[in-house]
Structure formats: structure tokens, C-alpha cells
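Student: What follows is each chain in one-letter form.
There are 2 protein chains.
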Amino acid sequence: MRRFKLTIEYDGAPFVGWQRQENGLGVQQVLEEAVTEFCGETVLIEGAGRTDAGVHALAQVAHVDIEKETDANIVRDALNYYLRKVPVTILKSEEVSTEFHARFSATERAYLYRILDRRTPPSLNKGRVWWVPVALDAGAMNEAAQTLIGNHDFTTFRAVQCQADSPVKTLDVLTVERQGDEILIRARARSFLHRMVRNFAGTLKLVGEGKWTAGQVAEALAAADRTRGGPTAPPDGLYLTEVVY
Amino acid sequence: MRRFKLTIEYDGAPFVGWQRQENGLGVQQVLEEAVTEFCGETVLIEGAGRTDAGVHALAQVAHVDIEKETDANIVRDALNYYLRKVPVTILKSEEVSTEFHARFSATERAYLYRILDRRTPPSLNKGRVWWVPVALDAGAMNEAAQTLIGNHDFTTFRAVQCQADSPVKTLDVLTVERQGDEILIRARARSFLHRMVRNFAGTLKLVGEGKWTAGQVAEALAAADRTRGGPTAPPDGLYLTEVVY
Chain F
1 MRRFKLTIEY
11 DGAPFVGWQR
21 QENGLGVQQV
31 LEEAVTEFCG
41 ETVLIEGAGR
51 TDAGVHALAQ
61 VAHVDIEKET
71 DANIVRDALN
81 YYLRKVPVTI
91 LKSEEVSTEF
101 HARFSATERA
111 YLYRILDRRT
121 PPSLNKGRVW
131 WVPVALDAGA
141 MNEAAQTLIG
151 NHDFTTFRAV
161 QCQADSPVKT
171 LDVLTVERQG
181 DEILIRARAR
191 SFLHRMVRNF
201 AGTLKLVGEG
211 KWTAGQVAEA
221 LAAADRTRGG
231 PTAPPDGLYL
241 TEVVY
Chain C
246 MRRFKLTIEY
256 DGAPFVGWQR
266 QENGLGVQQV
276 LEEAVTEFCG
286 ETVLIEGAGR
296 TDAGVHALAQ
306 VAHVDIEKET
316 DANIVRDALN
326 YYLRKVPVTI
336 LKSEEVSTEF
346 HARFSATERA
356 YLYRILDRRT
366 PPSLNKGRVW
376 WVPVALDAGA
386 MNEAAQTLIG
396 NHDFTTFRAV
406 QCQADSPVKT
416 LDVLTVERQG
426 DEILIRARAR
436 SFLHRMVRNF
446 AGTLKLVGEG
456 KWTAGQVAEA
466 LAAADRTRGG
476 PTAPPDGLYL
486 TEVVY
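Line by line, the protein sequences are chains F and C.
Here the first sequence is numbered in the working numbering, starting from 1 and rising by one per residue.
Here the second sequence is numbered in the working numbering, starting from 246 and rising by one per residue.
In case anyone wonders, no lab produced these hints; they're calculated from the structure.
Some hints could be false.
Said to hold, decoys possible - Within a straight-line C-alpha distance of at most 30 angstroms, the following computed DSS-like cross-link-like pairs (lysine-lysine) qualify:
no., chain 1, residue 1, chain 2, residue 2
1, C, Lys337, C, Lys371
2, F, Lys211, F, Lys92
3, F, Lys85, F, Lys68
4, F, Lys126, C, Lys337
5, F, Lys68, F, Lys126
6, C, Lys330, C, Lys313
7, C, Lys456, C, Lys414
8, F, Lys92, F, Lys126
9, F, Lys92, F, Lys68
10, F, Lys126, C, Lys371
11, C, Lys371, C, Lys456
12, C, Lys371, C, Lys313
13, F, Lys211, C, Lys337
14, F, Lys92, C, Lys330
15, C, Lys371, F, Lys85
16, F, Lys126, F, Lys85
17, C, Lys313, C, Lys337
18, C, Lys414, F, Lys126
19, C, Lys313, F, Lys92
20, F, Lys85, C, Lys330
When you get a sec, could you build the whole thing from the sequences and use the hints?
Tutor: What follows is the structure in C-alpha cells.
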């Protein structure tokens with residue numbers, strides 16, 4: 001038996017999310033089916049981050065155990081062949097020790113949230129960005145973001161259905177910068193609560209519009225109450241960009 | 246009657262091209278229908294460049310004459326409303342003199358051609374790039390591109406069905422650079438022949454693979470014979486990026 005670490009890019013739009021679910025196609029499911037087509041084995045693929053419906057990945061990481069005699073490059077090319085009809089790509093495949101676990105061995109995850117900040121709606125980037133027609137102040141958003149850095153109870157930014165044991169997380173990086181007509185929000189932490197980055201984005205947008213101050217964001221965080229946070233930003237703009245081990 | 250200059254972004258994938266055609270939906274047609282929905286008038290919309298099926302635009306320019314009392318911002322927002330189900334966006338609308346003609350007043354057009362140069366296929370950028378799994382030498386491609394600059398008979402890079410009066414054009418800029426795993430080809434000229442940029446891309450790719458030298462590209466140009474040029478690159482990677490007046 002060999003364990004392979006897979007680095008995966010996908011367009012989240014046609015999927016119900018990373019996880020296999022009853023109500024539609026999960027990325028996990030299409031990957032597991034591709035492995036079965038390749039080697040005839042029924043496998044469980046574990047991912048580093050359970051992205052929601054519509055959320056994209058530039059570099060999700062997962063691992064899979066395969067009995068068949070094969071090597072990492074063959075796994076990559078064969079899976080890409082069986083995935084050719086869905087927007088999922090195996091960027092990299094590496095043989096790893098069976099001690100490696102895509103989810104539990106990860107030491108940091110990084111996300112990017114893209115806001116298209118212009119008067120007119122997206123056409124080429126439809127489904128890839130959150131369209132906000134009001135002009136946002138990226139500087140003010142970045143300043144407010146800094147109040148969230150560090151070890152906190154993040155209940156204010158946690159989805160009610162979140163299954164994590166504790167709402168306490170350490171946020172390492174949260175930056176906001178403008179690049180042309182896009183506002184880019186970047187976040188890094190060992191792990192995130194469910195919808196945490198989308199809840200950050202929805203809250204920081206209120207700051208960008210001038211409706212909230214950085215102080216109000218800090219107060220909302222301190223309240224540890226989801227009803228005190230801003231709305232959840234849509235999944236379209238969110239990308240899992242890196243998993244560090 | 247007022248004439249409006251429209252700057253338009255679109256995803257070319259679902260269209261048969263810019264021009265209204267019998268065999269499917271053209272971008273021109275969806276724009277003309279949006280104008281009719283807005284003001285009840287039947288109009289002809291003239292574009293600066295007739296992009297082919299699958300070719301995208303970051304800033305196509307067109308003009309339209311409207312009898313109804315209105316202004317440029319209303320035209321922009323109303324057309325975007327009627328275009329909301331198709332990947333076409335009016336980025337800008339400006340009232341111009343009736344001497345302005347989107348096609349004939351243009352003094353320069355700019356195109357970008359994107360090659361995804363990596364072993365594994367695109368998922369997020371499917372339909373937006375030409376996937377070339379072989380590693381390309383962008384420096385060699387750029388050097389070969391310089392042999393095409395200037396005033397030449399470009400028959401070698403002209404589609405056989407091209408309707409231009411003359412194959413002689415002046416190519417102002419043709420550059421090739423690598424940006425991460427993408428190769429970006431940028432071209433500027435007063436006007437281009439049909440499929441000229443895609444024929445440049447298809448030929449320069451042969452140079453990038455080491456199959457052709459810059460000297461062979463110069464010889465192919467001098468031969469003024471389409472059969473001496475490289476293959477036509479797919480439309481997916483091509484973007485009309487700017488029209489100058």
C-alpha cells in the first residue's frame with residue numbers, strides 16, 4: 001500500500017462543496033470515483049480543508065491510499081485523465097509516509113477572498129469573485145483586519161452549524177489590499193472555523209463602505225456572539241490557496 | 246438622436262463570436278436585443294473588432310445610436326440589467342459625436358494571448374487559456390516575435406477566409422513573457438488580419454518548443470504563404486484588451 005499526497009485545483013461552482021454529500025456532487029466524490037476508475041479500489045480521500053459549495057481551490061491537499069503497484073506521476077496523470085470532464089485538476093502527486101495525514105498534519109492553511117469592486121457586474125469572472133458595486137476603502141478594511149489577528153474566541157465569525165470543538169483559533173495573517181478593481185483579502189491560520197473567512201469578508205466590507213469602524217469590529221469580536229458579526233460573504237470569491245505541513 | 250460609445254467585457258465561450266450569425270448567438274445580437282428591450286428601438290451596433298467564437302474581450306468598443314431621451318450612465322446601467330443572464334458587461338458608456346465610429350475611428354487595437362504552460366490541465370481557467378503541457382522557452386518566443394514587428398505582407402498569418410482588402414499591416418508590438426505558469430503574448434497594431442494573433446501564437450509556440458528558430462519565423466513571413474505559417478492557436482486564450490482612438 002502506498003500513500004499519495006495530492007495537490008488539487010478546482011472550480012467550486014458546479015460542486016456541493018469538498019465533502020461527499022447526498023444532495024449533489026462533492027469534489028471528494030469525483031476524486032474517489034477517479035481513483036476507482038484508475039485502479040479498481042474503493043478509497044476514502046481525506047482533504048485538508050472542507051470547502052463549502054461554490055468555494056474554489058488553487059491548492060487543496062488530500063491524501064489517498066492505493067494498493068496497486070504505481071508511482072506518483074502515474075497517479076497524477078491517470079487521475080487527470082479520469083477527471084477530464086470536471087473542473088478538477090491534480091497539480092501534483094507525491095508519495096508520502098503513512099504517517100502523513102492531509103487534515104491532521106497540516107500546520108497552516110491560507111485563503112484568498114476576491115471582491116470585484118466596480119460599478120458594473122463581472123462577466124469573465126462571474127462565479128469567481130464577490131461583486132460589490134460600492135467603492136470600498138481597502139486601507140480602512142486592512143486596518144480593521146488587524147484587530148482580528150492573534151488568539152481569540154472567534155464565535156462572532158463562526159457559522160452556527162460549525163462542528164469544531166472550540167471557537168478559539170489563532171489568526172496569523174489577515175490583510176486587505178486593492179489591485180486594480182479588485183480587493184484581495186488574504187488570511188492564514190493553523191485552522192479556521194466554518195465560514196470564518198467569508199464572515200471576515202462580509203464584516204470587512206461594512207468597514208470598506210464606511211458603515212463600521214475598526215473599533216466596532218474589535219467590539220464585535222469581543223462579544224463572541226455570531227449575531228454581532230457582519231453577514232457571510234458569498235462563496236464565489238473564496239479560494240483555498242495553500243496548505244502548509 | 247444620441248451616439249454612445251460602449252466599452253464592453255465578455256466571456257466569449259458561449260458565443261459564436263462578436264458578429265450576429267445564423268448558427269448561434271453573437272455578442273452583437275445580445276447587445277442589440279438589450280438596446281431594444283431598453284428603448285424599443287431596433288439598432289445596429291458596430292464593434293471595433295470582430296472577435297471569433299470563443300474569443301474574449303476585456304474592453305471591446307462599440308457604438309450605438311439611440312433616439313430616446315437618455316444619458317450615458319442610464320444606458321450603461323439599463324443595458325447591464327438586460328444583459329444580466331449573459332456574460333457580457335457594459336463597463337463604460339460615453340456620449341460621443343456622430344462622427345465617432347467604433348470601427349473606422351480606431352487607431353490601435355491590443356490583444357493578449359494566454360498560454361497555460363504546465364504539465365496538468367486547467368480547471369479554474371478552462372476555456373480562458375490555451376493549455377500547452379510542454380515547457381516553452383518564453384525568451385526564444387519573444388526573440389522570434391521581434392522578427393514580425395513592422396510593416397509586412399502578413400499573408401503567412403492570415404486566415405484563408407480573411408476579408409481584408411490587403412494583407413499588408415503594421416505590427417507595432419509583439420512581446421512574449423512568462424508570468425508563473427502562464428506565457429503572455431501581447432500584440433498591438435492599427436488593425437489585424439483575421440486570426441492573425443492566433444496564427445502568431447500557434448507559430449511562436451513552435452519556437453517555444455524548440456521546433457522552429459527565429460530565422461524560420463522570418464522566412465515563413467517572407468514567403469507570404471499561409472501554408473508556411475504555424476497552426477492556428479485555439480480561441481480560448483485570446484482577449485481583445487484595448488481599442489485606442
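Student: The structure should be examined with respect to each hint, and the outcome stated for every one.
Tutor: Comparing the hints with the structure gives:
no.	hint	in the structure
1	C:Lys337 / C:Lys371	holds (27 angstroms)
2	F:Lys211 / F:Lys92	violated (44 angstroms)
3	F:Lys85 / F:Lys68	holds (24 angstroms)
4	F:Lys126 / C:Lys337	holds (18 angstroms)
5	F:Lys68 / F:Lys126	violated (41 angstroms)
6	C:Lys330 / C:Lys313	holds (24 angstroms)
7	C:Lys456 / C:Lys414	holds (27 angstroms)
8	F:Lys92 / F:Lys126	holds (27 angstroms)
9	F:Lys92 / F:Lys68	holds (19 angstroms)
10	F:Lys126 / C:Lys371	holds (14 angstroms)
11	C:Lys371 / C:Lys456	holds (26 angstroms)
12	C:Lys371 / C:Lys313	violated (41 angstroms)
13	F:Lys211 / C:Lys337	holds (28 angstroms)
14	F:Lys92 / C:Lys330	violated (36 angstroms)
15	C:Lys371 / F:Lys85	holds (11 angstroms)
16	F:Lys126 / F:Lys85	holds (20 angstroms)
17	C:Lys313 / C:Lys337	holds (19 angstroms)
18	C:Lys414 / F:Lys126	violated (36 angstroms)
19	C:Lys313 / F:Lys92	violated (57 angstroms)
20	F:Lys85 / C:Lys330	holds (24 angstroms)
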